[in-house]
Amino acid sequence: MIFNPIYSNGQINSNGDTRKPKADIDVEVRGVLIGYTGNRYLDDREQRAALAKDMEREFPKELSALIKKLQQKKWDPAGVEESFRQKYRGKWNRDTGISLYEKAEFRIRIRMEIVGAGTMG
Numbered sequence: 001m002i003f004n005p006i007y008s009n010g011q012i013n014s015n016g017d018t019r020k021p022k023a024d025i026d027v028e029v030r031g032v033l034i035g036y037t038g039n040r041y042l043d044d045r046e047q048r049a050a051l052a053k054d055m056e057r058e059f060p061k062e063l064s065a066l067i068k069k070l071q072q073k074k075w076d077p078a079g080v081e082e083s084f085r086q087k088y089r090g091k092w093n094r095d096t097g098i099s100l101y102e103k104a105e106f107r108i109r110i111r112m113e114i115v116g117a118g119t120m121g
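Quick note: the sequence shown, position 52, residue 52 per full-length UniProt numbering, numbers continuous.
Rather than coming from a laboratory, the hints here were simulated on the basis of the structure.
Keep in mind that this is a model prediction, so the values were computed, not measured.
Heads up, a few of these hints could be off.
What the hints assert, rightly or not - As a list, the in silico DSS-like pairs of lysine-lysine whose alpha-carbon atoms are at most 30 Å apart:
1. Lys22 <-> Lys61
2. Lys87 <-> Lys53
3. Lys103 <-> Lys61
4. Lys91 <-> Lys22
5. Lys61 <-> Lys91
6. Lys103 <-> Lys69
7. Lys74 <-> Lys22
8. Lys103 <-> Lys91
9. Lys103 <-> Lys68
10. Lys69 <-> Lys20
11. Lys53 <-> Lys69
12. Lys73 <-> Lys61
13. Lys53 <-> Lys91
14. Lys20 <-> Lys68
15. Lys20 <-> Lys74
What the hints assert, rightly or not - What follows is a set of in silico ranges between Cβ atoms, one per label pair, in the way DEER data are often shown:
16. Gly116 <-> Trp92: 36 to 46 Å
17. Glu56 <-> Gly118: 28 to 38 Å
18. Met55 <-> Asp17: 29 to 39 Å
19. Thr37 <-> Lys69: 39 to 49 Å
Don't be surprised by glycine CBs; every beta carbon is placed ideally from N, CA and C.
Work out the full structure: start from the sequences and follow the hints.
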């Protein structure tokens, strides 16, 4: 199964706390589901919405696992460090940013909408 996004929007906001850094990741995505082999009839809007809710519950778990791996490697492809820098008072350097990123806790919220479904050609 492939989820092909046609629209996405995301925001990252941090609390700016250097002792207990936390960041909220909010993602909104709409797309087409391809190759679905489950039980739901995806021509029905309500069944697509129910599947999207299932995906909304699962996706944060997968994203959290990915973020933990990235934190261990000190990689910040989403620019979370910048969110902390914006609220930091004092001299900033890359080490400060990576340190906050490494120990940050994340809260992830996903809103998904399946606008259509198809088969793999």
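Comparing the hints with the structure gives:
1. The suggested pairing of Lys22 with Lys61 holds, with an alpha-carbon distance near 17 Å, which does not exceed 30 Å.
2. For the suggested pair Lys87 and Lys53, the alpha carbons sit about 33 Å apart, so the restraint of at most 30 Å is broken.
3. For the hint pairing Lys103 with Lys61, the CA-to-CA distance comes to about 18 Å; that is within 30 Å, so the pair holds.
4. Among the hinted pairs, Lys91 with Lys22 is consistent with the structure: their alpha-carbon atoms are about 20 Å apart, no more than 30 Å.
5. Under the criterion of a C-alpha separation no larger than 30 Å, the hint pairing Lys61 with Lys91 is inconsistent with the structure, at around 35 Å.
6. Distance hint between Lys103 and Lys69 is fulfilled; the C-alpha atoms sit about 12 Å from each other, no more than 30 Å.
7. A distance of roughly 16 Å separates the Cα atoms of Lys74 and Lys22; the hinted pair therefore holds under the 30 Å criterion.
8. Distance check on the hinted pair: Lys103 and Lys91 sit about 19 Å apart at the alpha-carbon level, within 30 Å; holds.
9. Between Lys103 and Lys68 the CA atoms are separated by roughly 10 Å; this keeps the pair inside 30 Å, and the hint holds.
10. Distance hint between Lys69 and Lys20 is fulfilled; the C-alpha atoms sit about 19 Å from each other, no more than 30 Å.
11. Using a Cα cut-off of 30 Å, the hinted pair Lys53 and Lys69 holds, with the two alpha carbons roughly 26 Å apart.
12. Taking the CA atoms of Lys73 and Lys61, the gap is about 19 Å. The hint holds against a cut of 30 Å.
13. Pair hint Lys53 plus Lys91 does not hold up; C-alpha atoms about 43 Å apart against a cutoff of 30 Å.
14. Between Lys20 and Lys68 the alpha-carbon distance is near 16 Å, which keeps this suggested pair within the 30 Å criterion.
15. A distance of roughly 18 Å separates the Cα atoms of Lys20 and Lys74; the hinted pair therefore holds under the 30 Å criterion.
16. Between Gly116 and Trp92 the beta carbon distance is about 45 Å. The supplied range of 36 to 46 Å therefore holds.
17. At about 21 Å, the CB distance of Glu56 to Gly118 disagrees with the hint of 28 to 38 Å.
18. Checking the proposed 29 to 39 Å range against Met55 and Asp17 shows it holds: the Cβ atoms sit about 31 Å from each other.
19. Taking the beta carbon of each, Thr37 and Lys69 are about 28 Å apart, not inside 39 to 49 Å as hinted.
Checked against the numbered hints above, the structure breaks hints 2, 5, 13, 17 and 19 and satisfies the rest.
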